[in-house]
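> Residue-level listing of the chains:
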Amino acid sequence: MWDWNFTISILPEILSALKITVLATVTSFFFALILGLILTMLSRVRIKSIAMITRKFIDFVRNTPLLVQLYFIFYVFPQYGVALEPFTAGVIGLGMHYSTYLSEVYRGGIEAIPEGQWEAAKALNFDRANTWTKIILPQAIPPIIPVLGNYLIVMFKETPLLSAITLVEILQTAKTIGANSFRYLEAFTIVGVLFLLLSYPSSRLIRSLELRLNKNR
Amino acid sequence: MKPMFSYKKVSKSYDELEVLKEVDLDIEQGEKVALIGPSGSGKTTFARLLMTLEEPTSGVIEVDGEPLWHEKKNGTLVKASEKHLRSMRGNIGMVFQHFHLFKHMTVLQNVMEAPVTVLGFSKDKAMELSKSMLDKVGLADKLEEYPANLSGGQKQRVAIARALVMKPKIMIFDEPTSALDPELVGEVLEVIKEIAKEGDMAMLLITHEMDFARDIADRVVFFDEGKIVEQGSPEKIFNQPETPRLQAFLDRFNSR
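Protein sequence lines correspond, in order, to chains W and E. Residue 167 in the numbering used here is what sits at position 167 of the first sequence, and the numbering runs on without skipping anything. Plus 217 on top of the position in the second sequence (first one is 1) and you've got the numbering used here.
Treat the hints loosely; a few may be bogus.
Stated by the list, open to error - Quick list of the computed label-pair ranges, beta carbon to beta carbon:
1. W/Glu115 - E/Lys342: 30 to 40 Å
2. W/Ile53 - E/Ser368: 41 to 51 Å
3. E/Asp241 - W/Glu210: 52 to 62 Å
4. E/Lys300 - W/Ile50: 13 to 23 Å
5. W/Pro143 - E/Glu459: 25 to 35 Å
6. E/Glu233 - W/Met52: 19 to 29 Å
7. E/Lys453 - W/Glu115: 43 to 53 Å
8. W/Met52 - E/Ala357: 43 to 53 Å
9. E/Glu283 - W/Arg44: 27 to 37 Å
10. W/Met41 - E/Lys300: 16 to 26 Å
11. E/Ala357 - W/Leu23: 28 to 38 Å
12. E/Thr274 - W/Ala164: 54 to 64 Å
Please keep in mind that the hints were generated in silico from the structure rather than gathered at the bench. Glycine is no exception: its CB is placed at the ideal position from the N, C-alpha and C atoms.
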């Protein structure tokens, strides 16, 4: 049955692994935010070959499992001289995978901007870079912040996959504790509760953010 | 004298549809030209070509003697680069039917942004200029409002100030009052009239307000089916129309 003393004794170890989980999530998310925006821009450039290659890349990444991508980065790349730490490989894999989803979110935000905004920017002689940074993105990003936030939570819940490439995050830690003590119940319960404790308030926060953004429009 | 703006055999087609058919037109410095004609006659496309929002299918548009959509390379005209287009575009301003204000910026920011970002003015100078423009269009008390809180007439006056602050040599007004409630039309026409009086900026005014065209235009140009059918002084166009098509167009208008 449930052993409170054991629970308390394993808590510090799991909490220290939580730091790695959170750090991997946040780093991957920012990587995905930036790469996603770059992919969106590249898929819209006027040089058709670049736009097409970008879209093919997005399709490819979205239609293959994240786990396969992680294995490739961690186990296959070293054969070609690119050996990465588990953390780095995990951030690249998770970030790249979700960047393709975020790029769709950005695309939706950008396409919602009426053509007239582009035309007004052109009539005022803005160059392309300033049209993006001063006119289009400041209007395209705020409405999609809630969706981006949801992806942060989704990515957080995907981090146990990183244990497959030996990153010692919380699930991996719990598994090791279980294997060493033959007690799985407490360790896995703590992991579940921790995910819930972090995900649920975050999704509430995003929900209220969404309501506020919609009110101002 | 050489015209400031010159269309030479300019055509525009969308696939099979020929919207403009070898149109020629010269506009002098400071000249106020009104374009009238039925919808679909090509007058908006004609203006959008000058603003570089659409590219002509054939023909040349010149601004102060220099081709707008083309560059001279080794003696021949080739398609203009974005750099060339940007250097020419500064001569031209436009006020749109649907205003197209930047919704995420206040009234003052809407007007100030281009002088700072595009012309490289200091914030102080741009703000001073923008405030005086907004004062001119009667919106000095709305500087910190967002476009969503303005009436249509106020929005269009902000759009006019925003275009005006860039000091173009020609200003295109594309049906500036067509999207407005009838009671708001007057305030916008009043502002445009004031600007027209100031002189040295040319205007290309697409409008269905015939009285207004008569008031401010030096010349009225009648478009139909992608061609200029008739042009002349407002007196001539409105009082002694020569072509049956213009007569029919004006009759339809007056009978409304």
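> In this structure, is the beta-carbon distance linking E/Ala357 and W/Leu23 contained in 28 to 38 Å?
violated, 52 Å
> Between E/Lys300 and W/Ile50, is the Cβ distance one that fits in 13 to 23 Å?
holds, 20 Å
> Taking the Cβ atom of E/Thr274 and the Cβ atom of W/Ala164, is their distance within the range 54 to 64 Å?
holds, 58 Å
> Confirm or reject the claim that E/Asp241 and W/Glu210 have a C-beta distance inside 52 to 62 Å.
holds, 55 Å
> Starting from the hint 30 to 40 Å, judge whether the C-beta atoms of W/Glu115 and E/Lys342 obey it.
holds, 32 Å
> W/Met52 and E/Ala357, beta-carbon distance inside 43 to 53 Å?
holds, 51 Å
> Please check whether W/Ile53 and E/Ser368 have a Cβ separation lying inside 41 to 51 Å.
holds, 48 Å
> Please test the hint of 19 to 29 Å on the beta carbon pair from E/Glu233 and W/Met52.
holds, 28 Å
> Is it true that the C-beta distance of W/Pro143 to E/Glu459 lies inside 25 to 35 Å, as the hint says?
violated, 54 Å
> Taking the CB of W/Met41 and the CB of E/Lys300, does the distance hold inside 16 to 26 Å?
holds, 20 Å
> Does the hinted range 27 to 37 Å hold for E/Glu283 and W/Arg44 at CB?
Between E/Glu283 and W/Arg44, where Cβ atoms are some 31 Å apart, the hint holds.
> Is 43 to 53 Å right for how far apart the beta carbons of E/Lys453 and W/Glu115 are?
violated, 38 Å
Checked against the numbered hints above, the structure breaks hints 5, 7 and 11 and satisfies the rest.
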